[in-house]
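Quick note on full-length UniProt numbering: the sequence shown kicks off at 1 and runs consecutively.
It is worth saying that the hints were derived from the structure and are not from the lab.
Possibly wrong hints are sitting among the right ones.
[Said to hold, decoys possible] Pair by pair, the computed Cβ-Cβ distance ranges are:
id, residue 1, residue 2, range
1, 292, 570, 46 to 52 Å
2, 32, 392, 26 to 32 Å
3, 240, 462, 38 to 44 Å
Every residue gets a Cβ at the ideal spot worked out from N, C-alpha and C, and that includes glycine.
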Amino acid sequence: MRSTLLSRRDLEFLLYEWLEVQDLTRRPRFSDHSRETFDAVLDLSEQLATRYFATHNKLNDAHEPTFDGETVTIIPEVRTALTAFAEAGMVGATMDTDLGGAQLPAAVAQAAFAWFHAANPGTSAYPLLTIGNANLLIAHADEELVRRFVPPMLEGRYFGTMCLSEPQAGSSLADIVTRAEPRDDGTYRVFGTKMWISGGDHELGDNIVHLVLAKIPGGPVGTRGISLFVVPRYLVNEDGSRGERNDVALAGLNHKMGFRGTVNTVLNFGEGRWTPDGSPGAIGYLVGAPHQGLKYMFHMMNEARSGVGLVAAALGYTGYLESLEYARDRPQGRTKGAADPASPQRPIIEHADVKRMLLAQKSYAEGGLALVLYCARLIDEQRTAESDDERRALTLLLDILTPIAKSWPSQWCLTANDLAIQVLGGYGYTREYNVEQHYRDNRLNPIHEGTHGIQGLDLLGRKVTQHSGASLRELDSRVRETLSTARELGGEPADLADRLDKSWSRLVTVTGGLFATGDIEVALANSSVYLEAFGHHVVAWIWLAQTVAAHGRGGDFYEGKRHAARYFFRHELPRTGPQLDLLADLDTTTLDMRENWF
């Protein structure tokens, strides 16, 4: 029986036939691995996700965490699933072996994690945050902090969070007011309130490691004065045992439309409820150098942005497969020319409009998953690059693709979930079926880790222009390499290449024109439109690359790949034409609107 979580056949195509991840085993970091070990990880992930995660997804949604003023209560199935995840070594899948990790390629690990996100995003969010937290500490913290906090996270005993936003500041981190006062013993006392903290309080493990952005008094103003601190829920003794409760208090829970199984919190640091050494304030440990906290936090934020894209793609994918299964089994209606009303009804998958909706879902879900796995493959290459020049080029490419990898699946795989509901008709919006929950869960992802507006400003205002356009030139080189390969094949790949070339070249030209006037406010006025147009071009390129990989291969799977690419080029890429027109005109309609006119 085929899974309705993900397509294992598609994962194998993406990993082995297109991204050729088996070639990574020639690099020293991955030399202990093989196609066999990669397959074993995928097998195990599918089994764990199906057995431990999918089985309580609806229960998790119906019985979200509660807080009685003292303790957060979460259904027991969550802890069972997370224990199985940790015991399988999945928390440290990509981490160094000397830390207890498995040193898997990121591309393989992301493909494996997709199973868990498709099965139960409310539960999979806990390890997603913990992994990002541990990776940040490994990259930027001193050896003592790594020794104290990372191994227990890999074992599944500690969990991690990221504490950025505050009630009065939202996404404007320059305006945070949480402060960290230094003490003579080298620690800090942290005071402030953090908002929207996923995984901020629970009893799923022995401890919670909060990574907290705060300002040291007397430091620079704005973002240049932000530092990063480890503030554990419980202090840790020298022997590694759990110590006293730190002064971190749960102020309340936020109740969201989706991801209901992930406890989301408001946390107060230093309110005086617990004072382990008798002095006020939550005890915190500085990560790295003072006033470099936002730079360090971007390590976790960028990882989380790719993670959000993966979750979005996985939710779009499972919704697609569930609506596909329904469409195959659901008889309704007859052909237009059927004269006999007593003739058998047709499965709805035979109706053209249902095919349209399924094909759109397929192009979004498979395109989104391919995009995220491509970025993961770049991370593997970056981590094992043999020269500084190669690493620099890969960094430039990842910089410009990260806002796309986060935002495009969040927008279009949500659209896929919307179409899945439509395929099921009246059943689609009932809680007896899964697709309405997939939509609610996925609706959070266009906001998670930076809204579309923030991603658009980041793409157009930073990534496209940084280093005199070096990131865009690096991406342009990759796109044109694929165009050249497709043209060498001739036939339909060459035709698709010509279509993309024409549209992509116009995008590059329009990009330059946005900044020709020197008015940055006008240039950025339609950055969200630019983000959408740019993302569609990137995914068209991803589909062209998949078409090249599938060229000359027969069978339903490959025909399906080619037809999904055909759909994307004929139905989706043309959407960008009017968007490029608007951008080329330097339209100021939104910029010119006044508050009193609403």
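Review point. What hint numbers does the structure not satisfy?
Key: Violated hints: none; all satisfied.
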